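Given these sequences and hints, build the entire structure.
There are 10 protein chains.
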Amino acid sequence: MEPFVSKSEAAEIVKVARVRAGTSWAEIAEAIDRPAPWTVAALLGQHPVPQAEAAQVGQMLGLDAAVVEALQAQPTRAGLEESLSDPTIYRFSEALAVYGPAIKELIHEEFGDGIMSAINFKVDVARREDPDGDRVVVTFDGKFLDYRW
Amino acid sequence: MEPFVSKSEAAEIVKVARVRAGTSWAEIAEAIDRPAPWTVAALLGQHPVPQAEAAQVGQMLGLDAAVVEALQAQPTRAGLEESLSDPTIYRFSEALAVYGPAIKELIHEEFGDGIMSAINFKVDVARREDPDGDRVVVTFDGKFLDYRW
Amino acid sequence: MEPFVSKSEAAEIVKVARVRAGTSWAEIAEAIDRPAPWTVAALLGQHPVPQAEAAQVGQMLGLDAAVVEALQAQPTRAGLEESLSDPTIYRFSEALAVYGPAIKELIHEEFGDGIMSAINFKVDVARREDPDGDRVVVTFDGKFLDYRW
Amino acid sequence: MEPFVSKSEAAEIVKVARVRAGTSWAEIAEAIDRPAPWTVAALLGQHPVPQAEAAQVGQMLGLDAAVVEALQAQPTRAGLEESLSDPTIYRFSEALAVYGPAIKELIHEEFGDGIMSAINFKVDVARREDPDGDRVVVTFDGKFLDYRW
Amino acid sequence: MEPFVSKSEAAEIVKVARVRAGTSWAEIAEAIDRPAPWTVAALLGQHPVPQAEAAQVGQMLGLDAAVVEALQAQPTRAGLEESLSDPTIYRFSEALAVYGPAIKELIHEEFGDGIMSAINFKVDVARREDPDGDRVVVTFDGKFLDYRW
Amino acid sequence: MEPFVSKSEAAEIVKVARVRAGTSWAEIAEAIDRPAPWTVAALLGQHPVPQAEAAQVGQMLGLDAAVVEALQAQPTRAGLEESLSDPTIYRFSEALAVYGPAIKELIHEEFGDGIMSAINFKVDVARREDPDGDRVVVTFDGKFLDYRW
Amino acid sequence: MEPFVSKSEAAEIVKVARVRAGTSWAEIAEAIDRPAPWTVAALLGQHPVPQAEAAQVGQMLGLDAAVVEALQAQPTRAGLEESLSDPTIYRFSEALAVYGPAIKELIHEEFGDGIMSAINFKVDVARREDPDGDRVVVTFDGKFLDYRW
Amino acid sequence: MEPFVSKSEAAEIVKVARVRAGTSWAEIAEAIDRPAPWTVAALLGQHPVPQAEAAQVGQMLGLDAAVVEALQAQPTRAGLEESLSDPTIYRFSEALAVYGPAIKELIHEEFGDGIMSAINFKVDVARREDPDGDRVVVTFDGKFLDYRW
Amino acid sequence: MEPFVSKSEAAEIVKVARVRAGTSWAEIAEAIDRPAPWTVAALLGQHPVPQAEAAQVGQMLGLDAAVVEALQAQPTRAGLEESLSDPTIYRFSEALAVYGPAIKELIHEEFGDGIMSAINFKVDVARREDPDGDRVVVTFDGKFLDYRW
Amino acid sequence: MEPFVSKSEAAEIVKVARVRAGTSWAEIAEAIDRPAPWTVAALLGQHPVPQAEAAQVGQMLGLDAAVVEALQAQPTRAGLEESLSDPTIYRFSEALAVYGPAIKELIHEEFGDGIMSAINFKVDVARREDPDGDRVVVTFDGKFLDYRW
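Residue numbers (the UniProt record's numbering), protein chains in the order written: chain W, 1 to 149; chain Y, 1 to 149; chain H, 1 to 149; chain D, 1 to 149; chain E, 1 to 149; chain G, 1 to 149; chain A, 1 to 149; chain L, 1 to 149; chain R, 1 to 149; chain V, 1 to 149.
In short, the hints are calculated from the structure, not lab data.
Just so it is clear, the structure is predicted and the values come from calculations on it, not from any experiment.
Incorrect hints may have been included.
What the hints assert, rightly or not - Straight-line C-alpha distance at most 25 Å; calculated DSS-like pairs for lysine-lysine:
hint: 1; chain 1: R; residue 1: Lys143; chain 2: V; residue 2: Lys122
hint: 2; chain 1: V; residue 1: Lys7; chain 2: G; residue 2: Lys7
hint: 3; chain 1: W; residue 1: Lys143; chain 2: W; residue 2: Lys7
hint: 4; chain 1: D; residue 1: Lys122; chain 2: H; residue 2: Lys122
hint: 5; chain 1: L; residue 1: Lys7; chain 2: W; residue 2: Lys7
hint: 6; chain 1: G; residue 1: Lys15; chain 2: G; residue 2: Lys122
hint: 7; chain 1: H; residue 1: Lys7; chain 2: W; residue 2: Lys122
hint: 8; chain 1: H; residue 1: Lys122; chain 2: D; residue 2: Lys143
hint: 9; chain 1: W; residue 1: Lys143; chain 2: H; residue 2: Lys122
hint: 10; chain 1: H; residue 1: Lys15; chain 2: E; residue 2: Lys7
hint: 11; chain 1: Y; residue 1: Lys122; chain 2: Y; residue 2: Lys143
hint: 12; chain 1: Y; residue 1: Lys7; chain 2: A; residue 2: Lys122
hint: 13; chain 1: A; residue 1: Lys7; chain 2: R; residue 2: Lys7
hint: 14; chain 1: V; residue 1: Lys15; chain 2: A; residue 2: Lys143
hint: 15; chain 1: A; residue 1: Lys15; chain 2: Y; residue 2: Lys7
hint: 16; chain 1: R; residue 1: Lys7; chain 2: R; residue 2: Lys122
hint: 17; chain 1: W; residue 1: Lys122; chain 2: Y; residue 2: Lys143
hint: 18; chain 1: E; residue 1: Lys7; chain 2: R; residue 2: Lys7
hint: 19; chain 1: V; residue 1: Lys143; chain 2: A; residue 2: Lys122
hint: 20; chain 1: W; residue 1: Lys122; chain 2: W; residue 2: Lys15
hint: 21; chain 1: W; residue 1: Lys122; chain 2: Y; residue 2: Lys7
hint: 22; chain 1: Y; residue 1: Lys143; chain 2: L; residue 2: Lys143
hint: 23; chain 1: D; residue 1: Lys122; chain 2: H; residue 2: Lys143
hint: 24; chain 1: R; residue 1: Lys143; chain 2: G; residue 2: Lys143
hint: 25; chain 1: Y; residue 1: Lys7; chain 2: H; residue 2: Lys7
hint: 26; chain 1: W; residue 1: Lys7; chain 2: D; residue 2: Lys15
hint: 27; chain 1: Y; residue 1: Lys15; chain 2: H; residue 2: Lys7
hint: 28; chain 1: V; residue 1: Lys15; chain 2: G; residue 2: Lys7
hint: 29; chain 1: D; residue 1: Lys122; chain 2: W; residue 2: Lys7
hint: 30; chain 1: V; residue 1: Lys122; chain 2: V; residue 2: Lys143
Spelled out as structure tokens, the structure:
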């Protein structure tokens, strides 16, 4: 059988190839006409990339066919736990530990018993200028789902 | 010595007292003139509540003096891990597992090497109406801090 | 403040009171006109019980007012991990370990990339007679949610 | 000695080869005349595949002899824990955390002290059409075993 | 409501009461006409004790009614993990770590793909005299269950 | 230096070579005149195999010299934890969780304070015919060691 | 026997009594003529407090005799792991994760193979004014111990 | 695609190359005009090394281009947990376990509610001569950040 | 039933009572004519104390009858894991991590395949004077047991 | 760059090479004039081996230059946790679990508050003849370090 690469190997290859090509994530996202967070997450192995978009990224970054094939595969979205201790990612976990129960109370007060979907969901990362130092603004936006039997 | 209550006991008492008093979190937040997420997090033990605000909440909810005292104490913001498996809170962890590395890439692309502060930080919980079902919109907003020696 | 009981204490009290009253779960479910799995899960602390139903169960089982109050409270559906090693529950975990990836493949093949909702969801427990020994048939039935940005 | 492949390597190879061959799991299951969930679980390494069926799958997917040999080997059905955080699989764990104790109570009420076998057991994955969105229906069907000395 | 005791509290009470009464486990087992391992396991909270046997043990050991009631309750057979580091129990875990895979191979060679049931199961503890020092002989005896769809 | 193989690699090689040779564990045990459980455990890396026996097994299964050398090495009997979730092995852990404390009580009642040795120890796996289904009978047989200063 | 309190209970009591008395840690440290970090650590249960100092603190804060007794007891310096997720403490763990291996390399380069003692050790916490925002300066100062047989 | 090396592989390569070249960490730090702790941490993979400095180190140590490239990559500062049990590093964890809560109290007393930044942060490792044995002095120096909504 | 105390409660009571009585462990050991390490371990709940010795200690320390009863009970020697992080105990774990595999090699070289018994075992704690600082000398002394089928 | 081997790879190579050379640990220790426990620990990667001794061992065992280089490298003494479940090593952990708190009490009684150093430390493994079976005698011998600010 022809050799193949796993989705996590493909993610590592994409990260190096992007730097070597001198291409930004934003340029890749624009080229395939998708939001940047979706694009990066998908290229890092968290979403299947449709064939046309995978091929286009492959061309931009000079990826082997086996890498392009891996990008299209259905992911098992498992286990990035080791990266959760990276300080840039950890701060979100810390905020969740501090504010999670408060967020839960306010969701229930506003919507009743239920959850914010993480499937019918999008995320945005933005910069907001501020004289005291610019701010990172990350928005989690998911459909409310009520507990329904 | 007079009896005292811990901050986690105080949080449990506040939750029951609020339901018995028929008061919403929004009403408490308005009464003490603070944002709702801050108010709920603080009353659940994640922030020290200033004396005046603690006294006012105590009066609204009929809390004992030892509970009001506990609300003012400096918290050890430790360990809510058991509540992270609650589905309403878990979805945020799942979104972070799926999108955390992508968020990290985009922060670095936009700001350089650094983090979103979880201390100089605020969070907002809102409802956005949508014909396909209203949406929970949670915004994490923290100052960017660059790695600086 | 009047004393209060937690939802997990209420669950322990309900279990003992039900046996002392000689009442089956099925009879309680029928009395409040709800499916049995929902009823048992809710009385064990996994769902808020509406006021009327909580009061009716309180009367059937002779529960104190504070227990009836606890049944109505919004749960934090956290942490039953210690009960997962009970053999009757463990077999479901084992089946999930053996068949989980296969179930995932078949969901993707039939529906595309997405999940079975555990919120818009119901479960059924039934007996199916079989000459080789009757069978436990447990059905998980949840709305399909596709990954949608 | 001739080279050999492990069952987990064989599972990865089968997944890629199936996509390359453009064959569905349902077609493979039909070809070897086995239920689809059994077929997928077995090809992913959770059951030994009989020689004839392994050979037939090998031919359909163009597998090497060492892969066909691995499919027939007796598995150690150990440790898929990392895949349990995949959202599609996790929802079943979450449902089990919420409803497991209730399922246990109802099994005991209907059958007495005992368990649903996970060995004399079958699972089914089906789509049920629903105007509010089609549903994933997964049925766990195992022989009841009573605690018997 | 009358006070109640949990099954684990009942187990602790039984252990002390047995020593105070100067009664051996063997005498209790004989009095209720059950095998000793079943009797001890049940009184330590791992099986429901039928009403007559529970009452008889209650009388032998002078147990309160709430303890006798607890002995009859359906157990959640969860979590004795902390006692697994006791040296007397640990040696069985060690033997299983050393010989478990070999036992598995021999079960498959003799019976095919399947398991020894731990439900349709009994255990025996015996002394075998030996000039080099008497031996503890523990027999696990469970029905073979073959993997059957 | 000549290449070498680890004991765990040797175990994997032995398992495949045995199937390819069409030889049963019982035949190997008979050939080297050792009990089957000892033989299998040793070949799976849990005991050092004496030189003559290792050579004989190497000849029966066509093993390389480095594999035969590895079989003779002193093992570190560490860590098979991942295989403990295999259902065939797990049932023994489950039985130990349910009956371990009872076994401990009965050992102490019969022998006093001490343990069953897991070193001066043997294990047997047998089939016992039974009209209700044949049974797996596993006997743990170790010298009693009393706590002695 | 007279009632007694554990060292961790004493720590909780001291924390509340100090706030009620309106006394700073610095004032307590000055009163007993010890460095502030030692004083706080000792009163939080990490060091035995000599009798005279314990008595003096007891008088300052109005502590019961059993609390004063507990302050003098030899601690088991075990387990503050749950407080390590507090953001104020966590930042030190994070700095250690990022710089620990570098610190190790530099200790070995400067001193050779060995460690900084955590027993013959002192710590200092200070404020350093800075126009860009004042800084927390924490100094770990321990005797070098070389690996010596 | 050209081969690439990960940051952790690069770290291992740097450590060996430095010893082979007979160069001290201090010399490398001086050559690139950076503090030694920053230099070592960065070369061990905890910071991105700017292009000029990476090239210079590559020349000093005779590193391949792919290693020099890896040194420049943005790190995921994840997971050095296994090295935390090294005695030289562990002593810092132990000191943090013993003094962490005291440090936290003193920071709050001096600065109010907030943290020492681990991002706007520097660390120093020094030797202090002492007649009773020289001492390792490690200084953590980070900007104070107050909890600010 | 009369109240009873657990062995771990008894251990806490003994520790406080010993300090209050101004009695050393050595004096207690001498009074009951047992080695000090055995005496302390037994009074801390790790061995059953014979009736006469338990009574004598009870009289020396003024213990209640329920405590004396608890000292005699058969222990479950489980779980002191939280105390393993105490620095005085941890150093033994660290030494074991560093030297354990070497000790194992030397036992096998001297004795063959087997273990040092931890049951037929004694331990000694002594001071050895040394001009460079007195030394703690702890001797583990157990019977060799060879792996014997 | 020339290839290199890690210290753990070097340890595996040394173990095999020693058996192939038919050399005992005692002979190696004698050849380099070091105590046997230090020698074995160092060759297994827990200490840096000085150049002359490393070269001598390399000659005795026929090791490659890269292995001899690895023996000299400064170790990260991390993580042998998987080998702690080996029965020969585990018995020391068990003895520590049973006697650790007693050893701690006796150290404090004899020396005051402090620890046995694991750095200024040596260990000895010896055989003591005994008519009831020879004994393994392992001595831990470390300098006492008192808690000193």
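Right, here's what the structure says about each hint:
Between the alpha carbons of lysine 143/R and lysine 122/V the distance comes to roughly 22 Å, so the proposed pair stays at or under 25 Å and holds. With a C-alpha separation of about 19 Å, the suggested pair lysine 7/V and lysine 7/G falls inside the 25 Å cut-off, and the hint holds. Proximity of lysine 143/W to lysine 7/W is assessed by CA-CA distance (about 28 Å); at most 25 Å being required, the pair is judged violated. Distance restraint check for lysine 122/D and lysine 122/H: the Cα-Cα separation of roughly 20 Å lies within the 25 Å cut-off, and the hinted pair is therefore satisfied.
Distance hint between lysine 7/L and lysine 7/W is fulfilled; the C-alpha atoms sit about 19 Å from each other, no more than 25 Å. The straight-line distance between the Cα atoms of lysine 15/G and lysine 122/G is roughly 22 Å, inside the 25 Å bound, and the hint therefore holds. Among the hinted pairs, lysine 7/H with lysine 122/W is inconsistent with the structure: their alpha-carbon atoms are about 34 Å apart, more than 25 Å. Our distance criterion of 25 Å between C-alpha atoms is met by lysine 122/H and lysine 143/D, whose separation comes to about 22 Å.
Note on lysine 143/W and lysine 122/H: the hinted pairing holds, with a Cα-Cα distance of about 20 Å set against a maximum of 25 Å. A threshold of 25 Å between alpha carbons decides the hint, and for lysine 15/H with lysine 7/E the separation of about 12 Å falls inside it, so the pair holds. Distance check on the hinted pair: lysine 122/Y and lysine 143/Y sit about 9 Å apart at the alpha-carbon level, within 25 Å; holds. With a C-alpha separation of about 31 Å, the suggested pair lysine 7/Y and lysine 122/A falls outside the 25 Å cut-off, and the hint is violated.
At most 25 Å may separate the alpha-carbon atoms for a hinted pair to count; lysine 7/A and lysine 7/R meet this at roughly 19 Å. In summary, the hint linking lysine 15/V to lysine 143/A is not supported, as the alpha carbons are separated by about 36 Å, beyond the 25 Å threshold. Between lysine 15/A and lysine 7/Y, the direct Cα distance comes to roughly 12 Å. Compliance with the 25 Å bound is thereby established for this hinted pair. For a cut-off of 25 Å, the pair hint linking lysine 7/R to lysine 122/R stands: about 22 Å separates their Cα positions.
Our distance criterion of 25 Å between C-alpha atoms is met by lysine 122/W and lysine 143/Y, whose separation comes to about 22 Å. Distance check on the hinted pair: lysine 7/E and lysine 7/R sit about 19 Å apart at the alpha-carbon level, within 25 Å; holds. For the hint pairing lysine 143/V with lysine 122/A, the CA-to-CA distance comes to about 20 Å; that is within 25 Å, so the pair holds. Restraint check: the Cα-Cα separation between lysine 122/W and lysine 15/W comes to about 22 Å, which is no more than 25 Å; the hinted pair holds.
A C-alpha spacing of about 35 Å is found between lysine 122/W and lysine 7/Y, which places the hinted pair above 25 Å, so the restraint is violated. For the proposed pair lysine 143/Y and lysine 143/L, the alpha carbon gap of about 14 Å is at most 25 Å, so the pair holds. For the hint pairing lysine 122/D with lysine 143/H, the CA-to-CA distance comes to about 22 Å; that is within 25 Å, so the pair holds. Taking the CA atoms of lysine 143/R and lysine 143/G, the gap is about 14 Å. The hint holds against a cut of 25 Å.
For the proposed pair lysine 7/Y and lysine 7/H, the alpha carbon gap of about 19 Å is at most 25 Å, so the pair holds. With a C-alpha separation of about 12 Å, the suggested pair lysine 7/W and lysine 15/D falls inside the 25 Å cut-off, and the hint holds. With a C-alpha separation of about 12 Å, the suggested pair lysine 15/Y and lysine 7/H falls inside the 25 Å cut-off, and the hint holds. Between lysine 15/V and lysine 7/G the CA atoms are separated by roughly 12 Å; this keeps the pair inside 25 Å, and the hint holds.
With a C-alpha separation of about 31 Å, the suggested pairing of lysine 122/D with lysine 7/W is violated against the 25 Å cut-off. For a cut-off of 25 Å, the pair hint linking lysine 122/V to lysine 143/V stands: about 9 Å separates their Cα positions.
Figure legend: structure checked against the earlier numbered hints; hints not met, in rising order: 3, 7, 12, 14, 21 and 29.
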